[in-house]
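Keeping the supplied structure of chain A fixed, place chain B upon it in accordance with the hints.
Same order as they appear, the protein sequences are chains A and B.
Under my numbering, think of the first position of the first sequence as 1, with each following residue one higher.
Under my numbering, think of the first position of the second sequence as 352, with each following residue one higher.
The hints are simulated quantities; they were obtained by calculation from the structure and are not laboratory data.
Just so you know, even glycine gets a beta-carbon here, dropped at the ideal spot from N, CA and C.
Incorrect hints may appear among the rest.
Stated by the list, open to error - So, partial list: chain B residues that the calculated Cβ filter (under 7 Å) puts toward chain A:
hint: 1; residue: Phe488
hint: 2; residue: Phe490
hint: 3; residue: Leu533
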Amino acid sequence: MSGLGDTMKNLFRNRWHRWVNRRIPRSDLQFFSQKNIFILPTGAGVVFGLLLVIMLLTGINYQNSLVYLSTFLLGAVFVGAMHQTHRNLSGLEVTLVQPGEGFAGDDIPFRFRLRAGRDDAIAILLSCAESGHAPVHVHSGQVLDVSLLVHSAHRGYLRPDRIRIETRFPFGLLKAWSWIRPVSAGVVFPRPVPAPEAFSTVEGGEASAQSRSVDGNDHADIRPWREGDLSQRVLWKRFARTGQLVVADWEGEQGSPHWLDFNAYPGADHELRLSYLAFLVNERGKSGARFGLNLPGQVIEPDSGPAHVARCLRVLATWGEERPRDAMSEPHGTRKRSSRTLSRVITEGRV
Amino acid sequence: MSLLDRLRGNGAGEAHSALATSLPSRALLWLIGSFALLLTPQWDRLPLWLIAACAVLASWRWLAQYGRVRLPGRWLRTGIMLVLTGVYVATVQGRFTVDTAASFFVLAVGLKWLESRSVRDFYVLFFILVYLATVNFLFHQEILWALANFTGIALLFVGLQVLNAPELPGGMTSGWRRLGALFLKTLPVVVLLFVFFPRMSPLWSVPLVSGEARTGISDTMRPGDISSLAQSGERAFRVTFGGEIPPYRDRYWRGLTLDYLDGETWRQGQTEDFRALGRVAVDGGVGPLKPEEYDVLLEPTDQRWAFALENSRAVSDNVVEESADLFRFRRPADSPVRYRLALEDTAGPGEQIERAELRRYLQLPGEGNPRARELAGELRRNMSDEQIIRSLMARFREQAYFYTLRPPAMPDNGIDTLLFDEKRGFCAHYAGATTFVLRAAGIPARVVIGYQGGEPGAGGDYLIVRQYDAHAWVEAYLGGRGWVRVDPTAAIAPERIESGLREAVAQEGSFLENDWASPQRYANVALVQWASLQLDRINYQWQRWVVGYQGQSQMDLMSRLPGGFGMRELGYLTAGIVGAGLLVAGLISALQMRRGEKRSAFRRVVDTWHRLCAGAGVPVRHGETPSVLAKRLAEAEPAAADSARLFARMVNSHYYSAGTEDEGDGQLARMHRLLATMKRQLRRSNSRTGRRRD
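With the rest of the complex left out, here is chain A (with noise of 0.2 Å):
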């Protein structure tokens, strides 16, 4: 029987979602009115309706015109704040001013400006999922800015299906509520794993690499030999010189030394592989030292600062993934995305 009902439930509360996003069109911007405004008592307002019953009744069994009257003046009043809610709601203006950026697992801020209409928007409340922020006023003809912290699954585009815009004020007895749904997509760094060793299978770019840095020494330590070394990092000029059989010894990691590669952790997931890239990319961020970003089909060239990391993680964020359309209404980066899409994205980035 419960699974019946939960069937129902589920079909009405698509059917509903389905009506509210054809109501409310994606779009950065929303203009909050009749159209679009949704109110209802809160519970607070529902036993609210069952006081003034009771009201009636106590006015009615003891013949009280006092009672009566204050009955009718409270359900009067209660009347007046439905109209008080939505006009605190409507005219109001939601642009989606800044999309964030931020790493998978965190919350991700998103910057979004209120701008009041006629009236004075007090108390609103922007909430997303789980998450919200306390409430701003926003008085008539002023604008104010507000951050809201989308939780972010993994990396990608990440765009909210919808965020909720409530208010309760001025009595809490009711809340008129309404959503925002963006087409712009903030964008998710992979959640940084820290890497293991990596072998640089990069072909061609090891001879180049090896020579760049060795000859330069830049970075190089110097240590003998030891069983399961590669072959490719012996110096054999130093071996042919000294006769000892040493090896170059990179800070950091073992793969090519400025090159941060895809193909460096054989057998590991791509997510995974992205994720060692995105740790990486945050130790060279750190250390400020040049590094070039390697992945299937894309190829960031060597650099450093501060631009250049935010390059590279977007890179990571977007690799094999799809901007989302404005026509397509799933929400993107949302916990309900299908493996399936991912993995045919990324053997598409593959070839």
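This is chain B only, laid out in the frame that chain A set:
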């Protein structure tokens, strides 16, 4: 970054409540203020310990808000609850009335203060305080108390606003302003509802009788009872006459008769059995008063008796006439009652009663007061009934009897002591003694309890009868004439009957000597007298027209409207009013909204631009940014490329700059000019391409 503070909870509502786990102080202040205000109408009804407990509990909560003390933990809280409930049960002693229930309600509100931590608790307090105001209305309907109650409710709503927007600057004044505007806007609907909402009869009956004694006459009379009543300046009832107000000496308001002397105490010989004998007019209690009619507004007495002048008949159907020309309500007057009576001509023979019935009015205790019996025997010997009465009155008039509010104690054979030794007493003493002597002389007699007198209210159009007008007198039965009023007080102190108690005890200075607060005590100060009478007039009108607006008044009002309104029509009308009110409100808000949209000139410019684009074959897509639209327009119509790009930049700068509104005017003008240019360019290019096509 404080806005970014992550909140736990599921969804916005949870986040909202989680934020305010510690309630905003100002909101709490309003709530406590409202509690204090709503408690005042109850001060005379509640036991003192309960008021003290409520004050302590509310202060505790208030101090806890500032961290001075901590709110009690669960065990202490339970302990306090148990103790207070125990005290309550001990006080109530098993009586269950609305009054005790109301006290318990107050106790519950008080205890809730210790458990007010969350927003939810705040709302619970809000609801019970609103209902506390309702309960207050059951007990007090005077205009000042009503104002206090409504103010209390208003405080609650201001508190709610503060709760919902705690850090809003200037929230308090704007809260009052918002509430005031709301009140004014909804007032017409409230008034219409009040007038037209059908007043149904009670669904079930829980009497409102309070356990406490009220000031007022009772159904037993011991010597001294009424003199204690004479120390109260409280109002008993108010009367409006349709015709002329009868002279002071005829204002005898009969309440009940006592016919059984039990030692020193007069009581009712038989408990009143309900007999609906009197004529009952179904709908006579409303409309203008006819000359012979008078309209009484009685303060609650918790008793069924109604006060009436002699020779009255019932007009309104809430009073019925009982046997001895007395009037009774159908149920105890636990709230102010308005009823209407009419004076009848006194012509015609008096009531005749049977011999057996008369024996009731001759009852005397077997022994006691021998001298009084002796006096009666003497009188009986050589006089007729009427002569006996006249000579007894003459005795009171001529001998040195005194009318006093400070009678001496007369423990044994009180009537003898009064008549022959002390000769000092109050109306109750003399009424009792006279009845005793008359009965001893074989004349059927009874004590009548009620009020005598009444002073005019402001404007002189109605009478106010107060508790100190309480009076006891005698009625004797004379064959052929029926019951005849005999008032010994009139013989001893005629000024009491002619102008009231104040004059009668002026020399003694004992008028309201224990009631310092009563404005009647200071009646010689003209201003006090004037103010008190004006207030009384306002209250009287308030009680007659607002508080007293019940079924009959409503039906009367409706009967004056065209179209014969009945209960059912009223129901339809009420539904209509509610519907129309909602509709009008909706229309107004829709109009305002449209005006608001119109006033947003910026949107209008953008809309024009969108139309222009659509006309040029580049319809706006959903969620398209202005620059993208401009780019597409430029591709389609290269002639307008520059102006389109510039326009898009202006739109962007409007959206994405936190600018003020005043810079907008110049900007808007520029945008309008740009649009005009764009339109020209498009037209020109269109005509050119058109020509080419030709």
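A quick look at each hint next to the structure:
1. Phe488: Hint holds; B/Phe488 Cβ to chain A Cβ min 4 Å, cut 7 Å.
2. Phe490: With Cβ-Cβ at 10 Å, over 7 Å, it is violated.
3. Leu533: holds (4 Å)
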